[in-house]
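As they're listed, the protein sequences go chains A and B. To convert, note that position 310 of the first sequence is 359 in the numbering used here; the numbers rise steadily by one, no gaps. To convert, note that position 99 of the second sequence is 148 in the numbering used here; the numbers rise steadily by one, no gaps.
No lab work stands behind these hints: they were computed from the structure. By construction, the Cβ of each residue, glycine as well, lies at the ideal position given by its N, Cα and C atoms. There may be inaccurate statements among the hints.
As the list claims (entries may be wrong) - Computed spacing ranges between beta-carbons, pair by pair:
hint, chain 1, residue 1, chain 2, residue 2, range
1, B, Ala363, A, Ile490, 33 to 43 Å
2, B, Thr270, A, Pro255, 52 to 62 Å
3, A, Glu484, B, Asp352, 47 to 57 Å
4, B, Gly432, A, Thr335, 54 to 64 Å
5, A, Arg532, B, Glu308, 24 to 34 Å
6, A, Cys477, B, Ala134, 42 to 52 Å
7, A, His141, B, Glu308, 42 to 52 Å
8, B, Gly341, A, Ser413, 41 to 51 Å
9, B, Arg508, A, Gly136, 55 to 65 Å
10, B, Ala336, A, Lys415, 49 to 59 Å
11, A, Tyr528, B, Thr270, 48 to 58 Å
There are 2 protein chains.
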Amino acid sequence: MALTDHTETTDVALNTDLYELTMAQGFWESGLVDTQACFNAFFRENPFEGGYAVSCGQGQIADLIDNFVFTDQTIDYLASIPAPAGGALFKHDFLEYLRNFHMHVSIWAPPEGELLFPREPMVRVEGPIIDCQLLETALLNLMNFQTLVATKTARVVTAAQGHAISDFGLRRAQGPDGGLAVARASYIGGASSTSNVLAGKIYGIPVFGTHAHSWVMAFPTELDAFRAFARSMPKNCVLLLDTYDVHQGIKNAITVAKEMEASGEHLAAIRIDSGDLAKLTKEARTAFDQAGLSYVKISASNDLDEYTIQSLFAQGAPIDSFGVGTKLATCDPQPSLGGVYKLSAVQDAPGEPWSPVIKLSEMSYKRTIPGIQHIRRYYDASGIPMGDQIVDDSVDQGSTDAIDAVDSMVSYDFSSAKPTELLEQIVCDGVRTKEPDSIEIAKSRCRDALMHLDPAIKRFLNPQFYPVGLEPGLAKLRYDLTRFERRGSGRDTTR
Amino acid sequence: MALTDHTETTDVALNTDLYELTMAQGFWESGLVDTQACFNAFFRENPFEGGYAVSCGQGQIADLIDNFVFTDQTIDYLASIPAPAGGALFKHDFLEYLRNFHMHVSIWAPPEGELLFPREPMVRVEGPIIDCQLLETALLNLMNFQTLVATKTARVVTAAQGHAISDFGLRRAQGPDGGLAVARASYIGGASSTSNVLAGKIYGIPVFGTHAHSWVMAFPTELDAFRAFARSMPKNCVLLLDTYDVHQGIKNAITVAKEMEASGEHLAAIRIDSGDLAKLTKEARTAFDQAGLSYVKISASNDLDEYTIQSLFAQGAPIDSFGVGTKLATCDPQPSLGGVYKLSAVQDAPGEPWSPVIKLSEMSYKRTIPGIQHIRRYYDASGIPMGDQIVDDSVDQGSTDAIDAVDSMVSYDFSSAKPTELLEQIVCDGVRTKEPDSIEIAKSRCRDALMHLDPAIKRFLNPQFYPVGLEPGLAKLRYDLTRFERRGSGRDTTR
Numbered sequence: 050m051a052l053t054d055h056t057e058t059t060d061v062a063l064n065t066d067l068y069e070l071t072m073a074q075g076f077w078e079s080g081l082v083d084t085q086a087c088f089n090a091f092f093r094e095n096p097f098e099g100g101y102a103v104s105c106g107q108g109q110i111a112d113l114i115d116n117f118v119f120t121d122q123t124i125d126y127l128a129s130i131p132a133p134a135g136g137a138l139f140k141h142d143f144l145e146y147l148r149n150f151h152m153h154v155s156i157w158a159p160p161e162g163e164l165l166f167p168r169e170p171m172v173r174v175e176g177p178i179i180d181c182q183l184l185e186t187a188l189l190n191l192m193n194f195q196t197l198v199a200t201k202t203a204r205v206v207t208a209a210q211g212h213a214i215s216d217f218g219l220r221r222a223q224g225p226d227g228g229l230a231v232a233r234a235s236y237i238g239g240a241s242s243t244s245n246v247l248a249g250k251i252y253g254i255p256v257f258g259t260h261a262h263s264w265v266m267a268f269p270t271e272l273d274a275f276r277a278f279a280r281s282m283p284k285n286c287v288l289l290l291d292t293y294d295v296h297q298g299i300k301n302a303i304t305v306a307k308e309m310e311a312s313g314e315h316l317a318a319i320r321i322d323s324g325d326l327a328k329l330t331k332e333a334r335t336a337f338d339q340a341g342l343s344y345v346k347i348s349a350s351n352d353l354d355e356y357t358i359q360s361l362f363a364q365g366a367p368i369d370s371f372g373v374g375t376k377l378a379t380c381d382p383q384p385s386l387g388g389v390y391k392l393s394a395v396q397d398a399p400g401e402p403w404s405p406v407i408k409l410s411e412m413s414y415k416r417t418i419p420g421i422q423h424i425r426r427y428y429d430a431s432g433i434p435m436g437d438q439i440v441d442d443s444v445d446q447g448s449t450d451a452i453d454a455v456d457s458m459v460s461y462d463f464s465s466a467k468p469t470e471l472l473e474q475i476v477c478d479g480v481r482t483k484e485p486d487s488i489e490i491a492k493s494r495c496r497d498a499l500m501h502l503d504p505a506i507k508r509f510l511n512p513q514f515y516p517v518g519l520e521p522g523l524a525k526l527r528y529d530l531t532r533f534e535r536r537g538s539g540r541d542t543t544r
Numbered sequence: 050m051a052l053t054d055h056t057e058t059t060d061v062a063l064n065t066d067l068y069e070l071t072m073a074q075g076f077w078e079s080g081l082v083d084t085q086a087c088f089n090a091f092f093r094e095n096p097f098e099g100g101y102a103v104s105c106g107q108g109q110i111a112d113l114i115d116n117f118v119f120t121d122q123t124i125d126y127l128a129s130i131p132a133p134a135g136g137a138l139f140k141h142d143f144l145e146y147l148r149n150f151h152m153h154v155s156i157w158a159p160p161e162g163e164l165l166f167p168r169e170p171m172v173r174v175e176g177p178i179i180d181c182q183l184l185e186t187a188l189l190n191l192m193n194f195q196t197l198v199a200t201k202t203a204r205v206v207t208a209a210q211g212h213a214i215s216d217f218g219l220r221r222a223q224g225p226d227g228g229l230a231v232a233r234a235s236y237i238g239g240a241s242s243t244s245n246v247l248a249g250k251i252y253g254i255p256v257f258g259t260h261a262h263s264w265v266m267a268f269p270t271e272l273d274a275f276r277a278f279a280r281s282m283p284k285n286c287v288l289l290l291d292t293y294d295v296h297q298g299i300k301n302a303i304t305v306a307k308e309m310e311a312s313g314e315h316l317a318a319i320r321i322d323s324g325d326l327a328k329l330t331k332e333a334r335t336a337f338d339q340a341g342l343s344y345v346k347i348s349a350s351n352d353l354d355e356y357t358i359q360s361l362f363a364q365g366a367p368i369d370s371f372g373v374g375t376k377l378a379t380c381d382p383q384p385s386l387g388g389v390y391k392l393s394a395v396q397d398a399p400g401e402p403w404s405p406v407i408k409l410s411e412m413s414y415k416r417t418i419p420g421i422q423h424i425r426r427y428y429d430a431s432g433i434p435m436g437d438q439i440v441d442d443s444v445d446q447g448s449t450d451a452i453d454a455v456d457s458m459v460s461y462d463f464s465s466a467k468p469t470e471l472l473e474q475i476v477c478d479g480v481r482t483k484e485p486d487s488i489e490i491a492k493s494r495c496r497d498a499l500m501h502l503d504p505a506i507k508r509f510l511n512p513q514f515y516p517v518g519l520e521p522g523l524a525k526l527r528y529d530l531t532r533f534e535r536r537g538s539g540r541d542t543t544r
């Protein structure tokens with residue numbers, strides 16, 4: 050794994066699909082070295098059949114650009130790859146080009162923690178087409194999963210109604226930096242802490258934990274185990290009650306809580322990790338209250354997600370905090386955002402006019418949006434977002450209407466609201482233009498954005514649709530290109 | 050991300066849940082430093098409602114042990130973690146203990162690529178209880194996901210009936226080493242290649258790729274783009290046909306294939322990435338055959354998995370190879386194996402007798418298996434595996450019967466078959482005892498094991514059950530412990 054061989058993991062330029070490199074060679078050979086491109090990453094549907102997504106991962110893009118170099122060792126490896134029909138896949142001169150390669154892209158992205166909707170740029174990349182192409186896989190690898198986790202967490206946090214959520218998912222993540230991505234993105238999405246100690250060290254996220262069943266099984270009796278844990282952790286004592294029998298576990302925990310009181314300490318909480326959590330937490334709450342231990346909190350875990358947490362509260366379960374693991378770290382039941390990275394405009398050389406381009410499909414929802422896109426988010430007077438407009442300045446009609454990207458007969462009218470630009474530039478010609486926000490800032494941005502979002506859009510079942518459309522000039526451009534491409538199977542060079 | 054800061058990613062000891070460290074401190078404070086433990090990692094159900102799993106990840110355990118040290122930087126971070134109710138979470142003397150810590154575990158595991166079934170040890174760890182506990186999260190993080198991916202791939206490869214599968218999943222993986230884990234495990238599970246170039250460099254896996262839609266959109270027409278790609282990649286030319294219109298794409302590809310023939314080259318293949326793959330690949334096959342281009346292969350991609358591939362062949366789709374991405378890298382629809390790591394025996398000090406322990410639950414399927422377990426796999430005379438027996442040598446009755454772990458009224462009779470031991474020792478007292486197999490060996494082991502497995506067990510829908518049971522002595526031990534624990538909520542110290 051990467052974790053055990055750091056000399057290899059620093060190879061960010063190779064964290065890519067092979068075709069990015071073969072296309073780069075093709076562009077280089079075909080004389081497109083000066084061709085400029087504009088690419089957008091976006092997703093086509095909100096994850097989890099929900100009403101929104103939380104943008105995440107963008108704060109690490111500038112690091113990726115800084116580290117994007119082809120080392121001698123990397124070049125040696127590329128030179129060793131055979132072509133299927135014989136010979137080497139990469140040409141010597143192209144590899145020398147890569148050896149001296151420096152990223153010259155400019156990048157715009159929404160801030161981390163901001164809400165994002167289908168077809169809006171998660172990132173917009175402009176620069177030499179080779180540079181842009183080489184970033185595709187790494188950018189998607191960085192943002193697809195973190196955006197998904199931040200969104201999942203926002204849903205779980207919404208269900209938890211202000212009660213704390215801790216990320217417990219490391220053991221079910223895809224290796225060490227899968228776990229790091231989960232911890233980082235879930236913190237931005239609203240989790241209070243993580244069990245992942247490495248994430249605590251690297252990102253400064255508060256770390257949290259209790260004990261495992263093995264702790265109880267290591268001692269002759271459960272009572273012995275609870276007493277030993279209370280002695281070791283008098284200021285941080287959370288006892289796990291379900292190793293053998295929860296009913297007996299409650300009694301043993303009350304015994305230890307009383308003993309702690311006698312020595313001036315307080316049992317912080319108990320945790321239940323299996324069985325009927327609604328029933329068992331009520332039983333525990335009643336028993337602790339009757340024993341005069343109403344200050345002891347109740348924590349629950351065991352395959353939780355937004356739906357089980359919502360159900361537990363609907364049943365009146367007296368739970369104070371949640372450990373959420375597997376379904377957070379894997380984003381069950383939708384483990385992929387499905388974000389893609391598509392070319393939207395081409396320029397034969399710097400300074401030439403841009404040609405917008407479009408990708409068509411039998412499936413109309415897969416048709417892309419052309420042009421150099423940015424996003425205007427319209428807010429009402431009380432700061433509630435009313436809808437978004439995707440805009441290409443070169444064809445901007447200055448309208449506050451927005452034409453739906455799927456059903457072009459539908460349009461939205463944002464004339465009563467005030468626009469704010471959503472994308473910000475983070476890299477200019479390969480150099481970062483601003484330091485990324487701290488994860489604390491991203492976290493509070495997400496909290497604020499969710500607080501101002503219409504509850505109907507946050508609903509899990511059949512959420513209301515948040516209006517996103519194309520500024521009419523861009524809608525017309527897309528319509529014209531669609532008609533042209535259907536005829537000619539090529540981009541419109543007559544424009 | 051880990052990829053950009055390798056000094057932090059080498060911190061394998063911190064790739065863990067906080068409670069492993071707090072429990073370690075608790076064991077240390079409670080005088081259990083000499084206590085020896087036996088832990089097993091296992092899963093409770095086959096993934097994907099299937100009949101088997103493919104063990105994977107074990108080949109990297111010895112690296113983990115080698116790298117398991119607490120650096121000064123790590124200790125400084127741990128010293129900085131506050132306890133929730135004030136003060137430091139970790140005590141100075143315990144941190145000094147960690148600073149001088151060396152792993153003294155011994156480890157047994159099934160070889161990578163071997164088939165594995167519910168409740169069987171994916172790994173067995175013996176040693177000081179602190180050492181064993183500190184490994185929990187890292188071992189699960191290493192094996193849970195890789196075993197899941199290898200199993201998913203084995204299913205996809207089964208559906209593909211000998212046609213090549215390439216891993217295209219990096220952009221949907223959980224960061225760089227998520228992508229590496231996917232590439233490694235899918236290769237062991239039967240994939241022929243990966244698009245992930247870093248995996249090619251690190252693991253020596255063959256790399257494969259074609260081109261993206263952006264290649265086509267970067268040129269004035271699709272025909273221009275195909276010609277440029279053929280010029281750049283004459284020996285490796287795979288053309289992607291669905292940027293604008295597949296029917297026109299087929300015509301353009303045939304034009305280019307004929308031009309390639311005229312200059313002595315051959316178009317290798319075409320790829321279709323959207324639309325009705327069954328219909329479009331048949332249309333393409335017919336058109337290429339009629340043009341005298343029957344040597345041109347057809348590759349398909351677009352959210353494929355074992356079910357879509359099975360359906361494509363059932364419809365007679367003439368597809369020669371598959372790119373499988375999202376659903377391989379995320380193991381959709383079951384993104385987690387759910388493997389756990391449970392204490393099964395305790396020894397007060399080295400040389401003392403072992404006390405087997407058990408974890409109970411309201412849910413009987415969550416009851417663990419006690420003891421020092423290993424696996425006997427019984428083969429018939431033709432090398433077909435008939436079933437497995439989980440054995441604890443200390444209570445072995447020498448029987449060839451096996452008692453089902455869930456329904457103890459059911460037993461299997463393996464008397465007609467020949468047993469082979471499945472687990473092998475890979476670490477002794479913290480030192481590796483054998484070099485891990487190469488991934489090529491693991492891959493061929495997986496292929497052989499699947500070839501000998503009853504097709505009814507490989508079936509996707511309601512697969513036949515592979516018999517796994519407890520050797521009768523172990524079944525009796527488990528029965529006795531269950532009765533005792535239900536009474537006493539503690540382990541049986543009277544044994």
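Going down the list of hints, with the structure as the test:
1. The supplied range of 33 to 43 Å is broken by B/Ala363 and A/Ile490, whose beta-carbon atoms lie about 53 Å from each other.
2. Judged by the Cβ atoms, the range 52 to 62 Å given for B/Thr270 and A/Pro255 holds: they are separated by roughly 56 Å.
3. Between A/Glu484 and B/Asp352 the C-beta distance comes to about 38 Å, which lies outside the given range of 47 to 57 Å.
4. Distance hint check: the CB atoms of B/Gly432 and A/Thr335 are about 59 Å apart, consistent with the given range 54 to 64 Å.
5. Roughly 29 Å separates the CB atoms of A/Arg532 and B/Glu308, a value that falls within the hinted 24 to 34 Å.
6. A C-beta distance of roughly 48 Å is found between A/Cys477 and B/Ala134, which places it inside the suggested range of 42 to 52 Å.
7. Range check, A/His141 to B/Glu308: Cβ separation about 26 Å, and the 42 to 52 Å hint is violated.
8. Taking 41 to 51 Å as the suggested C-beta distance range, the pair B/Gly341 and A/Ser413 does not conform, at roughly 35 Å.
9. Taking the beta carbon of each, B/Arg508 and A/Gly136 are about 43 Å apart, not inside 55 to 65 Å as hinted.
10. Between B/Ala336 and A/Lys415 the beta carbons are some 23 Å apart, a value that contradicts the proposed interval 49 to 59 Å.
11. A C-beta distance of roughly 21 Å is found between A/Tyr528 and B/Thr270, which places it outside the suggested range of 48 to 58 Å.
Hints 1, 3, 7, 8, 9, 10, 11, counting from the list given before, are not met by this structure.
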